[in-house]
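Protein chains: 2
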Amino acid sequence: MSNKIYFTPGPAQLFYTFEEHLKRALSLDIPSISHRSSVFIKTIEETTEALKELLELPDGYNIYFLNSANEAWDRIIQNLVEHSSHHFANGAFSKKFYDFAKAQNKSSTIHEVSDGQVFTDWTIPSEAELIGITKNETSVGFTITEEEIATLRKNNPDKLIALDVVSASPSLSVNFTNVDTAYLSVQKAFGLPAGLGIWIVNERCHEIAERRASSTSIGSYRALPNLKKFGDKHQTPETPNMLAIYTLGKIAKDMLQIGLKRLRNDTIYKATLLNQAVESHSELEHFVTSKNHRSKTTIVANAKNAEQIISSFEKKEIIIGTGYGKYKSNQIRIANFPTHSKESVEMVCDLLKEVK
Amino acid sequence: MSNKIYFTPGPAQLFYTFEEHLKRALSLDIPSISHRSSVFIKTIEETTEALKELLELPDGYNIYFLNSANEAWDRIIQNLVEHSSHHFANGAFSKKFYDFAKAQNKSSTIHEVSDGQVFTDWTIPSEAELIGITKNETSVGFTITEEEIATLRKNNPDKLIALDVVSASPSLSVNFTNVDTAYLSVQKAFGLPAGLGIWIVNERCHEIAERRASSTSIGSYRALPNLKKFGDKHQTPETPNMLAIYTLGKIAKDMLQIGLKRLRNDTIYKATLLNQAVESHSELEHFVTSKNHRSKTTIVANAKNAEQIISSFEKKEIIIGTGYGKYKSNQIRIANFPTHSKESVEMVCDLLKEVK
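Line by line, the protein sequences give chains L and Y.
The first sequence begins at 0 in numbering that gives the first Met the number 0 and counts up one residue at a time.
The second sequence begins at 0 in numbering that gives the first Met the number 0 and counts up one residue at a time.
No wet-lab data here; the hints were simulated from the structure.
Bear in mind the structure is a predicted one, so any value in this text is a computation, not a measurement.
There's no promise every hint is true.
Pairs involving identical chains hold if they fit within one copy or between any two copies, as the list cannot separate such chains.
Okay, derived cross-link-like pairs now, DMTMM-like style, lysine to aspartate or glutamate, Cα gap no bigger than 25 Å in a straight line [to be verified]:
#1 94 with 231
#2 41 with 52
#3 341 with 44
#4 314 with 28
#5 41 with 316
#6 22 with 284
#7 252 with 28
#8 315 with 284
#9 325 with 52
Put together the whole structure using the sequences plus the hints.
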């Protein structure tokens with residue numbers, strides 16, 4: 000890696016042990032051994048177990064490997080939605096999940112509020128089979144609260160709830176019992192290269208997929224019953240991104256070694272520093288107005304001189320993110336992931352004070 | 000990498016320059032930079048151009064990045080087949096493409112002959128929109144000839160032809176003008192870690208996908224019109240396996256540097272050595288009886304003592320493949336990919352003489 004430190008919200012800074020694990024994977028010939036070998040079956044099992052522990056998954060929740068969060072949107076709709084899903088959107092990524100449903104010709108519905116604003120209408124259309132929500136809307140730095148998710152679950156016991164935990168897990172505490180399916184990509188908070196997605200599903204998802212499969216097509220190699228058939232043997236239907244599965248498992252174990260409590264306390268501590276730095280800066284203001292809903296992993300601020308700030312940081316070899324999409328030139332985004340040390344975050348805060 | 004040399008037909012030995020390019024990618028922060036940055040757009044463009052040259056693609060053929068050949072089967076059916084496809088199968092992988100079509104509820108048909116046998120009936124049902132053929136059936140070491148593909152093209156000008164070039168390209172000369180779409184995964188002849196698939200499509204595929212998209216769903220982020228929309232800008236819809244795209248481009252350039260003619264002549268030379276070693280061995284016999292159809296990249300032989308042979312090789316740190324599926328214990332498979340030097344193949348042949 001270069002001397003630069005990436006505070007971009009994804010692709011992001013690699014986890015600080017990544018290169019070491021990658022070297023070890025190569026010395027073990029992980030990319031050359033058979034994906035059906037006992038060594039690799041053990042690798043899948045270890046990675047899956049480490050992830051379940053790190054994410055504090057309840058019993059009965061399974062983990063499958065996809066290639067991106069985009070694919071998770073695709074497969075969730077394909078496997079689990081017959082006619083309609085309902086989506087909560089206040090930013091680019093939450094909106095995209097709805098777009099994916101429409102692309103599959105579902106008569107899905109959306110409650111869309113302005114970017115970064117709190118949701119005002121929690122009514123779910125009766126025809127919706129699945130509700131799509133986003134724990135951390137990376138594009139604008141909005142976090143849905145655990146209370147909101149719990150209430151949604153309570154009020155909709157019969158519908159599936161799908162939670163996007165991209166750039167949220169494992170940094171934030173998420174009660175997965177409140178949702179039926181969740182997904183993430185590893186190039187955010189896990190600090191791995193892009194190319195692997197994680198799909199979490201519970202028994203209800205399996206039942207629905209099995210039932211739907213008897214009367215319609217829910218895909219081929221990544222139809223949920225097929226993922227389960229292979230997953231039960233700690234295998235994947237296809238030759239997967241073996242290097243990523245290996246290194247993800249090692250990084251998950253490193254994070255468990257650090258300790259979940261410490262990892263999350265550090266996340267809160269660093270977020271507090273970054274938030275204070277934004278608040279005390281004359282040219283910056285938080286984009287998300289509701290304090291309770293401000294992301295702790297993706298700090299997003301309006302900045303008149305965003306480009307100037309970003310380029311000042313770049314001169315110091317610190318890369319912070321631009322705003323997403325239409326906010327590219329008037330926002331900055333700063334990621335706060337497990338790989339970012341307190342010291343490096345303090346450095347970012349000090350630098351922020353210097354630049355206008 | 001360890002001292003072992005993998006002659007397994009995939010996952011396989013990494014290309015000998017892979018680690019060097021991987022190190023360079025990490026020093027350039029390829030996994031941390033934005034996948035929308037000019038640096039990465041240039042990377043995609045360079046990789047695509049190198050691949051087009053290496054595969055000698057005709058004008059009007061585009062390359063898109065998927066995650067595996069499994070995904071190519073999935074997307075080809077989803078994008079290009081309304082009702083029916085017709086498949087030629089004489090091994091596990093050619094059969095699987097048909098299974099994928101059936102999983103998507105297509106009324107597809109199959110001409111299936113015994114494993115490794117030549118196809119006898121080239122009649123194509125009139126309702127078939129697409130014909131699936133396999134250049135190199137990796138499971139049994141059967142290669143379809145260029146003449147057979149040319150005749151199929153000539154006799155079926157109005158149907159799409161999809162060619163599986165997994166473990167065939169870039170080692171074998173393939174005339175892509177005879178097919179409309181083709182695909183491969185990089186963990187075979189290209190010598191990269193698994194996790195990237197290459198999908199080649201011509202204008203006819205684009206037209207059909209566009210037309211179908213107006214009346215039905217052909218998927219979401221990897222619907223062909225969406226791949227084209229992003230591909231035309233040298234981008235991908237999602238954050239892709241950036242490390243793989245970077246290293247693939249570098250390896251494709253290395254192969255161009257070696258020279259296509261030399262790479263292919265070497266493939267033929269090494270295949271000749273391996274074939275002779277099989278023929279002169281008292282306990283081995285070629286599985287594919289038709290000499291013209293024996294694979295030059297995947298040498299497959301019946302071996303009464305397959306396990307013993309494989310373990311004798313392993314003691315010398317040379318890993319050769321078992322038979323695929325039901326042939327696991329009574330066949331050996333030896334890959335002949337660009338990363339395998341003439342010297343290492345000579346060593347394999349010498350070792351074969353010693354073991355019974």
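The hints, checked one at a time:
In this assembly of identical chains, the alpha carbons of residue 94 and residue 231 lie at most 25 Å apart only when taken from different copies (24 Å versus 33 Å within one copy). Taking identical chains as interchangeable, the C-alpha atoms of residue 41 and residue 52 lie at most 25 Å apart only when both belong to the same chain, with a minimum of 16 Å there against 40 Å between chains. Proximity of residue 341 and residue 44 under a CA criterion of 25 Å is satisfied in neither setting, with 32 Å inside one chain copy and 38 Å between copies. Within a single copy, residue 314 and residue 28 get their C-alpha atoms only as close as 39 Å, which misses the 25 Å cut-off; across copies the closest is 16 Å, which meets it.
With identical chains, the CA atoms of residue 41 and residue 316 are at most 25 Å apart between copies only, with a shortest distance of 22 Å across copies and 39 Å within one. In the homo-oligomer, the alpha carbons of residue 22 and residue 284 never lie at most 25 Å apart, since the shortest distance is 42 Å inside one protomer and 40 Å across protomers. Taking the shortest alpha-carbon separations for residue 252 and residue 28, both the intra-copy value of 20 Å and the inter-copy value of 24 Å come in at or below 25 Å. Within a single copy, residue 315 and residue 284 get their C-alpha atoms as close as 23 Å, which meets the 25 Å cut-off; across copies the closest is 65 Å, which misses it.
Taking the shortest alpha-carbon separations for residue 325 and residue 52, neither the intra-copy value of 38 Å nor the inter-copy value of 37 Å comes in at or below 25 Å.
When held up to the earlier numbered hints, the structure conflicts with 3, 6, 9 and fits the remainder.
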